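Chemist: So the chains spell out like this:
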Amino acid sequence: MTIKELELKANSIRKAIVNMIYNAKGGHLGTSLSEVDILTYLFFSCMNIDPESPKKEERDRFILSKGHGSEGLYCTLQARGYFPEEWIDHYMDHSNPLTIHPTNKVPGIEVCTGALGHGLSIAAGIALSAKLNEKNYKCFALTGDGELQEGSNWEAAMFASQKKLDNFVWIIDYNKLQLFKSVEDTVSLEPIRGKLESFGFDVHEVDGNDMTGIHNTFSSIDFTCGKPHAVIAHTTKGKGISYAENVAAWHHKIPNTQEWEQAIKELNNARV
Amino acid sequence: MPEYKRKSIRASQIEEYISLVEQGVNIIYVVSDSISTSKIAPFMERFPERLVNVGIAEQNLIGVATGLSNGGFIPVTGNATPFLISRSNEQLKVDASYSHTNIKINGLHAGFSYGTDGVTHHEVNDISTVRGFPSFEIFAPMDPADCKFITRYSVLENNGPVYISLNTGEYQSLLPENEKRTVGVPLQFEHGDDITVIALGTAIHDVLEAYTQVKTKGICHADIFAVNSIRPFYPDSLIESLCRTGRVITVEQHSTHGGLGSKVAELIADEGIGAKLFRMGVPEGVFTKNWTAADNKKYFALGAEGIKAKIREAMKL
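So the sequences go chain by chain: X and L. Numbering of the first sequence is given in the numbering used here, commencing with residue 1218 and proceeding in unit increments. Numbering of the second sequence is given in the numbering used here, commencing with residue 295 and proceeding in unit increments.
Just chain X, with the same shape it has in the complex (with noise of 0.2 angstroms):
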């Protein structure tokens, strides 16, 4: 797919995330459009996948470690085949599949996540699985920032550095924005880069919502580095909508009518 392909994928997938949560009143709207451009750039152009085929033994992985971010994942998975467009249109029906936190019962989803800090381990382990089975799959994990305060993500860092895990990405969705207000006003991450760096990573940043960014960083990891990889992605939580953006309390607000209008319009007239 060309960059402008990409680009027109991700605006689509936007939409279905509104109108995903519009419809069906629950839901993370902020987060889930903050990691779009990500999760389509690794979906659409990255990793070595096969929907019609999930759990092809050396198919690349994905943990979505900030699990609430599961519509925008479910968004690109539906885009790229791994099952119908009805499970989106019916979200949180009982008996579909789709739930507000992601599990394994999804194709296209590895491991049940939701609950904070634990993306990292498991695809710590998964990476370490292909170098003793001397497989060339790699793992990708994608985290948000205020889930770095959950110390367990540290555990994880130190363990793939040691392990030289070369084939393993975590990729933090930096909105700036938790729960209730900024990270910065929370408890800080800073300096993010200085603390990757001296956890033994090959450290990149990139505007997180720029895809071109995105393919030039990604296709500029070295995986024979000997070094697990960071991407830093600076990006807007809320992107795509002007109500949203940069705003906390849109985490897991949902649209009323007038604003799912006006999501819907705004994203039609992005200049993609």
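Think of the hints as simulated: they come from the structure by calculation, not from any bench. Any given hint could turn out to be false.
[Said to hold, decoys possible] Simulated coverage check for chain L against chain X, where a stretch passes if three residues somewhere in it have a Cβ under 8 angstroms from a Cβ of chain X: (1) 337 to 351; (2) 560 to 567; (3) 604 to 611.
[Said to hold, decoys possible] Computed, partial: chain X to chain L, Cβ under 7 angstroms: (4) H1318; (5) N1321; (6) C1329; (7) A1332; (8) L1333; (9) H1335; (10) S1338; (11) A1341; (12) G1342; (13) I1343; (14) S1346; (15) E1372; (16) A1373; (17) F1376; (18) E1401.
Nothing here was measured: the structure is a model prediction, and the numbers come from that model. The C-beta atom is built at its ideal place from N, Cα and C for all residues, glycine as well.
Following the hints, complete the assembly by docking chain L onto the known chain X.
Modeler: Frame of chain X, contents of chain L only:
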């Protein structure tokens, strides 16, 4: 009953894991610096590439093991029960149980077997805690041969999360390794109509010692059972016994809530059995003592003397 040499339960389990790997089973053993705790040295010498040490990081222990399972290994973890249960609690719930991961988790030095290391190192709620995690099967082997059977079953016949609570110390195997056993069915050692005594895991050794003395004195005739599986749990033989004897003692080196005593209390209530229950264990709301395991056992009356006294008390009713 055949005589067998006393042997460490943990060491016998490692023998079984070595045997399974030799048979081609893709086991990988994961520790949180718990090399000596797990008695893993013989395995490590034989298969150094199949041992992963995550350092002193119990959350990472279960997370990494979950990832290794995703990559096709059968991960087995071994670390001290208190740190496993308390520190890895949410990983046990979400990564292992909710995700239905093929992972085998061993709680080592369960109960108060860490002795004078004290309350921080004791864990008398492991079974109670893991019962709260739905997809786990939960075992407490009574001796080395039993542990080998459960270990083999957990790896070869179960593709989900399994928790095995392992006591410290050396025990004599009560049944031959090749004795036919059915997972989840209590093992009966003695038959009698006066009282039922049920032991969790290794507590069967204390119960049998107590009963030998009681029987000699002609105090009572008892049904004696060992329960080595809390889930699955097929209690038909226990129900029949309780209906017949009307009085039952449970013995466990675990809290009296959430373990065997609770399980039998639930059974009595659910089945509407008219039986008086005496629960022996660490009472609810009480810390263990920072003493040796033997002294804790004596303090909580879980040795043969205490069990004998409880049988006498129960027989007076």
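Chemist: Going through the earlier hints one by one, which of them does the structure break, listed in rising order?
Modeler: 2, 3, 4, 8, 18
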